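J.: Each chain, letter by letter, is given below.
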Amino acid sequence: MSAGVHIIAAPGDIPAPHIEYGQLAPMLIVFGVAVLGVLVEALAGRPWRYRIQVPLAFAGLLAAFVWTIVLAWRHEPFHVAAMGALGVDGPTLFLQGTILVLALVSLLLIAERSAAHFTAQASALPGSEAEQQSMSAGITQTEIFPLMMFAVGGMLMFPASNDLLTMFVALEVLSLPLYLLCGLARRRRLLSQEAAVKYFLLGAFSSAFFLYGAALLYGYAGSVRLSDISAQAGQGAGGETLLLAGIALLSVGLLFKLGAVPFHMWKPDVYQGAPTPITALMASCTLVSAFGALLRVYYVGFETLRWDWRPAMWGVAIITMVVGAVVAITQTDIKRMLAYSSIAHAGFLLTGVVATSRQGLSGTLFYLAAYGFTTIGAFAVVTMVRDAGGEAAHLSRWAGLGRRSPVIAGVFAFFLLAMAGIPLTSGFTGKFAVFSAAVDGGATPLVVVGVLASAIAAFFYVRVIVVMFFSDPEADGPSVVVSPATATAVALGLTVTVVLGVLPQPVLDLAGTAASQMFVR
Amino acid sequence: MNDFPWLSVLIALPALGALGVALLPRGRDALAKQAALGVSALVAVLTFVMAAGFDTGGSRFQFAETYDWIPAFGVHWAVGVDGVALVLILMSVILVPLVILASWTDADRFGGVVAEGESAPAKSVKTYFALVLALEAMMIGVFAATDVFLFYVFFEAMLIPVYFLIGAYGGPQRSYAAVKFLLYSLFGGLLMLVAVIALYVYGPNTFLLADLQGLNLDPTVAKWLFLGFFIAFAIKAPMVPLHTWLPDAAGQAPAGALVLIVGVLDKVGTYGMMRFCLELFPGASKWATPVVLTFAVISIIYGAVLAIGQVDLKRLVAYTSISHFGFIVLGIFAMTSQGQSGAALYMVNHGFSTGALFLIVGFLLVRRGSARVDAFGGVQKVAPLLAGAFLIAGLSGLSLPGLAPFVSEFLVLVGTFSRYQVAAVIAALGIVLAAVYILWAYQRTMNGPTTEAVAGFKDLSRRELAAVAPILAIVVALGFFPKPVLDVINPSVKHTLSVVQQTDPTPTVAEKGARP
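These protein sequences, in sequence, are chains A and B. Each residue of the first sequence is one higher than the one before, counting from 24 in our numbering. Each residue of the second sequence is one higher than the one before, counting from 9 in our numbering.
Treat the hints as calculated values from the structure; they're not laboratory data. This structure is a prediction, so every number in the text was calculated from the model and none was measured. The C-beta atom is built at its ideal place from N, Cα and C for all residues, glycine as well. Among the clues, some could well be false.
[To be verified] Only part of the chain B face toward chain A is listed, based on derived beta-carbon distances under 10 angstroms:
1) Ala80
2) Phe162
3) Arg182
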């Protein structure tokens, strides 16, 4: 533990904060690359931008990932950095490594040039002359790369934040670029812009909730540091109302980000409207990051209060699983269906959080990594199935895909089976990990609801397989466009989904080691 | 020779074969069929070589292998066979090549038997055979697994090839049937998953069967876990009232796949009851026995009565199977040595007798394009071999003495009677009903005046004969001489009973000298 100097509480003379640059390098690299990307936008000529931005982004993410590995490998990381504002510990490094790898895979999709997922000029009105002009001029939007890097930087910081203010800053840094990125789809731009506005308004709401909760907790504990809040609550000091209201409001902000019911309303619209590579980024990296933050808040800040928040979390987990699975059945748009599936999976993940144990933590970490790859792979396949109007999003258009391109349809079916939790896929291993932790933590009824929800969820996954394989193809059905970058993303997703299903031990070990000391306080 | 990893090889071989067949280039259908037949025949031969080394007086699980698989969950790649598992594996590996042979041209014709008005889309022939081989690997795995987790993995993974076999190659309502099958099975499987997880948490954090026996579980917990396993197995087996997926699946699935679904896959349910329900939760099994026996008897009668009323031959045979599975469950839960030996033998016999029936119905379906009873009439005159084969298979279904199922049904009834007289008496009615449904179906389809549609029927081809004759030969052979199979089964049944701590009731009369 570092000296207990509180940045906020310090009166008068402000000491220069001590920053461990080496420990924080992964975040700093990503932010640095983002800033460089902005400079490139400002200084490089238009034809050069794409050619500079893509390698820069790749190099940045890769360097950050390598640094994360080195950090984890060199010594048991278990300490706070930056005057206690950020935690560097096993779970955080695991989550950051996962986010970086998933971001690399998403970058493959985002950088895909042949598909043109992004609009040429976001400011041009849909269908206007200006839009047509910029399209015909062959302009490509390259601001997406620095925007993405800022978002990823925020995602890295979010689960590492050891106090609520840092966490709020991270939340905003990760959210704002995403709001913007959501509105940049090339096709169906109105839908995309609607998604962006919705996401922004609701996101702003939830940020306000988060901030209000943080303020109440500060009022209660006199500190925004998670460990101080935990210590104060452990002593049972002061106004219980402030504490509980603070927890509730803070939870709203966090649960919104991961799309738990009843704060899930944005997810289907945003996932559907956003450009699919961005959807892939949100469905994997944002989910991992949000769960990381949730875990840290609940395992560190509110650890002593677990008897107070666990019942509520039970309720949220149950309705999240059930609503996600049931509503998904009625969906006819493939991206909306995957969005509801993501909601259901958030519910499954919450059962691991409810366990509040080491197994719960390691199981959740494993599940996040496994699910992230599967979902990126699935969205990558969605970007490949195209017809004249762009991606063939409506489920009925996928009819007979299994006959037309058996490999792609087979791969997609495999991803769906993994999400349904069929053995020999990573989805099953992950589910087993969190469910066994939950049973161990005395949450057997929750697990029973979980498996029932899985059975319901299986129905809609299987429905897609039925459409792809057992129905006859339409005459003017979509065709599968295979390009190297997207195919690589699919292949990576597939490989990880298989390996984590068949030989999960190394990654389970890694998650177990990462969780062995839990979070630093 | 004994260190040779027999079972792992037997699982890997068809799995690799499936991969190989699936990767063949398009248009090499003939090669795909030959390769599938070759692989499955090789597996059968190897299994026989292995079985020859099985020592009936030896240790319980033979050819055992144990490797760590996922140490974090206490999961092992642990395989081994006792008598019951061995005979079930033997049954499976015999059936698979014959099924491949029987569906040789079905695969080209898929779409030929769809309802009128529907297009007959070209379907991948090689995929069909690849799926059958993948299924074979999982069938061997599920019977050989001695680790509960591994068993569960095979148990669930098996659904996927079957799902595609029904859904892609079935009749007009195939996707409905396939989804219904998958959801029923998944639902059961997921309940079992909860029980598996709880077993891990409450047990010694390992899944090895050997370590899980004799656990000192809290009786209430044990009852819940028993239910989790039992419901999954009862769906699989299928027992009334969880049986409704089977007639639909049977009505739509291609005949060859149906042999494997009903003949082998459903046995996993009854096998699981014996191996897992009884051995892991002996107390809870005894607690549940009255209810289970009641449902078993209901299954026997209900299945038989509904079989009488069926108009579709495939559905008819499916309902007879529900009745037969009732007998098997009855034998298992009577918890007497005759009852369980009979049940284990019944599993094998039913696989062959029902397998033959389904294959023959499949031949009829190919000839007529329909499996409805009223689509046939007087087949006997134009295709005597076909009718004869149908008759033998049918008579074995009604347990005619001299054919294999008779022995097992008799043992089950005797074993049940010595403890639960009423159940045995009611169950015996099932035999009477069996005579009705089989003979009446035979009479309506094979006898009488030859209808116009049937007049052009060809008799069994040599390929068809080669597929069905070995099965009928086995049915006859086991009818007269079941001893080799019983010798293999009996030690493992004895072990199961000792775990349940049940001894046979003393005043038994039947089967002198069979017990020590």
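J.: Hint by hint, say whether it matches the structure.
T.: Right, here's what the structure says about each hint:
Hint on Ala80(B) holds. Least Cβ distance to chain A is approximately 4 angstroms, under the 10 angstroms limit. Restraint check, Phe162(B) versus chain A: the minimum CB separation of about 8 angstroms is within 10 angstroms; hint holds. Given hint, Arg182(B) at the interface with chain A, holds; its Cβ is 6 angstroms from that chain's nearest Cβ, closer than 10 angstroms.
Taken one by one, the earlier hints all hold for this structure without exception.
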